[in-house]
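Chemist: Let's have the full structure, built from the sequences with the hints guiding it.
Each chain, written out:
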Amino acid sequence: MSDLLDLVVAGLAMGAIYALVAVGFTLLWQTSQTINFAQGEFVMLPAFFMLAAMHAGAPFWLAILVGIVLSMMLLGLGFKLLLVDPMLRHGVLPLAIATMALATGIKEAVKQFYSAEASPFPSVVPAGEISILGHTVSLQSLGVLALAIAAVVGLTALLNRTSIGRQMQAVAQNPNVARIIGIPVARMILLTFLINAFLIAVASVLITPIYLAKFSSGEVLGQAAFIAAIVGGFNQIRGAIAGGLLIGIVDNLSAAYVSTQYRSAVPLILLIVIILFRPQGLLGRAEERAV
Amino acid sequence: MSAIGKYIRPALGLAVVAALILVPMSFSRYGLFILSQWAVMTIAAMGLNLTLGYAGQVSLAQGAFVGVGAYAAAIMTTHGLPLASALVVAMLLCFAIGWLLGYPALRVQHHYLAFVTLAFSTLAFLVFRNESWLTGGTYGISNIPRPHIFGFATGKPLPFYYVCLGMLGLVTSATWWLIRSPWGRAFVALRENPIRAQSLGVDTRRYTLMAFAIGSALGGVAGAIYAPLTQYIDPVPFDLSLSLDLLMMVIVGGSGSFFGPFLGAMIAVLLPEWLRFTEGYYLLLYAIAVILLLIWSPTGILGILDRYLADRRTKVASAQRALAKSRLETAQ
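Residue numbers (the numbering used here), protein chains in the order written: chain A, 19 to 309; chain B, 4 to 335.
Treat the hints with caution; some may be incorrect.
[What the hints assert, rightly or not] For the chain A half of the interface with chain B, some residues (derived, Cβ under 7 Å), not all of them:
hint	residue
1	P104
2	M105
3	P112
4	I115
5	A116
6	M118
7	A119
8	T122
9	G123
10	E126
11	I248
12	Q279
13	L286
14	I290
15	I293
16	L294
[Stated by the list, open to error] Pulled from the structure, derived: some chain B residues nowhere near chain A, Cβ distances all over 10 Å:
hint	residue
17	A21
18	G34
19	H82
20	L84
21	L137
22	G158
23	M170
24	V191
25	D237
26	L266
27	V272
28	R316
29	A320
[Unchecked claim] A short, non-exhaustive set of chain A residues, derived as facing chain B with CB atoms under 7 Å:
hint	residue
30	H108
31	A127
32	Q130
33	A283
34	L289
Source of the hints: derived by calculation from the structure; they are not laboratory data.
Note that the coordinates shown come from a computational prediction; the quantities given were computed from them, not determined experimentally.
Quick reminder that beta carbons are idealized off the backbone N, C-alpha and C, glycines included.
Modeler: Put into structure tokens, the structure is as follows:
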């Protein structure tokens with residue numbers, strides 16, 4: 019049986035990645051009522067941009083940069099202009115279905131144009147183990163955790179401490195009033211799509227060395243992020259972060275202590291319990307019904 | 004014009020039914036399999052249409068209900084029980100599960116049924132895969148027998164296609180009746196304006212729950228025919244992607260319209276087959292086609308038809324108005 023501390027740290031590292039993806043998910047929902055079922059595939063794709071850049075001869079750091087920029091262009095700007103804008107005025111559901119089709123499309127495109135096999139991906143954090151208070155902890159987990167926390171802290175600072183961040187929050191809370199007081203609502207919504215694309219590109223860099231770059235690896239991740247967002251509270255960024263960390267730890271601990279067969283069932287049961295007893299999520303506010 | 008219009012619809016319906024009975028007689032084994040699959044998927048999509056199109060709730064577990072029905076039928080018929088009893092069990096089982104899932108989820112409005120059904124879908128898959136003593140695990144259940152109906156063996160593809168078609172006819176009539184009953188009217192009222200429905204004395208929660216449970220039961224029916232159709236089942240076809248596919252069928256066909264699921268299932272089952280000549284690219288092209296269709300008409304294929312008919316009606320009406328106006332002017 020693995021060391022408990024190592025399991026918790028690995029769980030936190032995984033959870034921090036889930037949190038990144040879940041935060042992006044929540045941002046899109048808050049500002050533009052977009053439920054993105056392709057979020058997991060969005061995380062899988064930037065890794066392939068980076069691999070392609072490395073094949074073209076770019077060094078690793080440049081490839082990461084190319085991946086992030088391409089992700090923001092295609093999965094941020096392109097996604098918003100080509101799919102969300104024409105469909106959003108017809109309601110939440112058709113768009114949600116279209117993102118499901120998009121998920122299939124992305125998976126198949128990677129399979130056809132790149133490879134159906136899993137490709138290894140270099141890690142930004144060196145492998146190895148260090149010892150903390152007599153426990154051995156994997157360096158990779160710690161590094162991933164640190165980077166993900168840095169991204170989340172940076173995002174929270176952006177949202178709470180800068181003028182742009184406050185404007186974005188105003189748009190999320192009430193677009194009509196935001197428009198009246200002179201906030202450029204459309205630009206703010208576009209910005210949330212770009213931030214989402216940036217977050218998933220970072221998540222892609224962090225998670226791909228662990229799970230390898232494979233066309234199908236987005237499915238599990240997307241679902242985990244989705245559950246994290248609901249468990250934490252669909253309308254709160256803090257909730258998505260807490261939900262992500264919780265799901266990461268629960269997932270890792272249940273793999274070790276429950277059974278590997280029913281490992282993925284534990285977060286789902288957690289989800290059902292949360293919906294039964296606290297439907298607005300752990301940190302969420304209850305949404306009032308507008309008549 | 005209206006006199007002709009009155010007869011066009013039933014005539015068209017009869018022609019389609021006659022074609023569905025007669026044309027496949029010359030089909031190959033594979034063509035019959037695809038067409039039977041269409042019938043089965045249409046039943047499941049019709050159930051989801053009750054939940055989504057009429058009661059306005061998103062279920063992400065219709066594929067899991069098809070799985071529950073298929074496993075119930077496979078386990079019972081391989082133990083020598085008749086398919087008819089398996090159908091009843093599949094239907095009741097899915098109805099009960101739907102009720103139990105929906106009861107807590109529908110306490111709170113919004114997307115919670117979607118979340119709970121998402122969880123159920125994955126849990127059901129895990130049970131199918133892990134409980135090998137019951138479901139055969141990853142090896143699945145093979146040699147599922149096809150039934151004898153009134154002494155006729157339906158083992159060959161053509162007779163079994165008629166079984167699927169017959170079931171589709173039965174389910175279609177039942178749903179048609181349901182939607183026109185006071186219950187069905189309550190379902191529509193829920194979708195159009197839940198608050199008004201409630202103020203008129205419709206017990207919103209109970210009717211939403213009923214619509215979801217009945218829709219789930221139809222998923223079970225579809226599954227119970229799916230098992231003898233493929234004669235072999237394993238967990239893979241019933242994972243979340245089937246639920247998403249079924250949801251896509253309902254939306255693409257036109258959710259909330261009676262014949263939407265027929266069209267949606269046709270596209271979802273046949274389009275990939277037609278695109279098969281493109282080899283590896285067919286799923287990619289299928290996904291692009293669905294996205295383009297939804298951008299063009301978010302209300303699905305029947306939405307396009309509706310728009311066309313509405314356009315024509317406005318044109319006819321405005322032509323008549325112009326005519327009447329000119330007559331009025333000449334009379335003066």
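Chemist: Now, for every hint given, state plainly whether the structure supports it.
Modeler: Do the hints match the structure? See the list:
no.: 1; hint: P104; verdict: holds, 5 Å
no.: 2; hint: M105; verdict: holds, 6 Å
no.: 3; hint: P112; verdict: holds, 4 Å
no.: 4; hint: I115; verdict: holds, 5 Å
no.: 5; hint: A116; verdict: holds, 5 Å
no.: 6; hint: M118; verdict: holds, 5 Å
no.: 7; hint: A119; verdict: holds, 4 Å
no.: 8; hint: T122; verdict: holds, 4 Å
no.: 9; hint: G123; verdict: holds, 3 Å
no.: 10; hint: E126; verdict: holds, 4 Å
no.: 11; hint: I248; verdict: holds, 5 Å
no.: 12; hint: Q279; verdict: holds, 5 Å
no.: 13; hint: L286; verdict: holds, 4 Å
no.: 14; hint: I290; verdict: holds, 5 Å
no.: 15; hint: I293; verdict: holds, 6 Å
no.: 16; hint: L294; verdict: holds, 5 Å
no.: 17; hint: A21; verdict: holds, 33 Å
no.: 18; hint: G34; verdict: holds, 25 Å
no.: 19; hint: H82; verdict: holds, 25 Å
no.: 20; hint: L84; verdict: holds, 29 Å
no.: 21; hint: L137; verdict: holds, 14 Å
no.: 22; hint: G158; verdict: holds, 35 Å
no.: 23; hint: M170; verdict: holds, 27 Å
no.: 24; hint: V191; verdict: holds, 17 Å
no.: 25; hint: D237; verdict: holds, 16 Å
no.: 26; hint: L266; verdict: holds, 15 Å
no.: 27; hint: V272; verdict: holds, 15 Å
no.: 28; hint: R316; verdict: holds, 22 Å
no.: 29; hint: A320; verdict: holds, 26 Å
no.: 30; hint: H108; verdict: holds, 4 Å
no.: 31; hint: A127; verdict: holds, 6 Å
no.: 32; hint: Q130; verdict: holds, 5 Å
no.: 33; hint: A283; verdict: holds, 5 Å
no.: 34; hint: L289; verdict: holds, 5 Å
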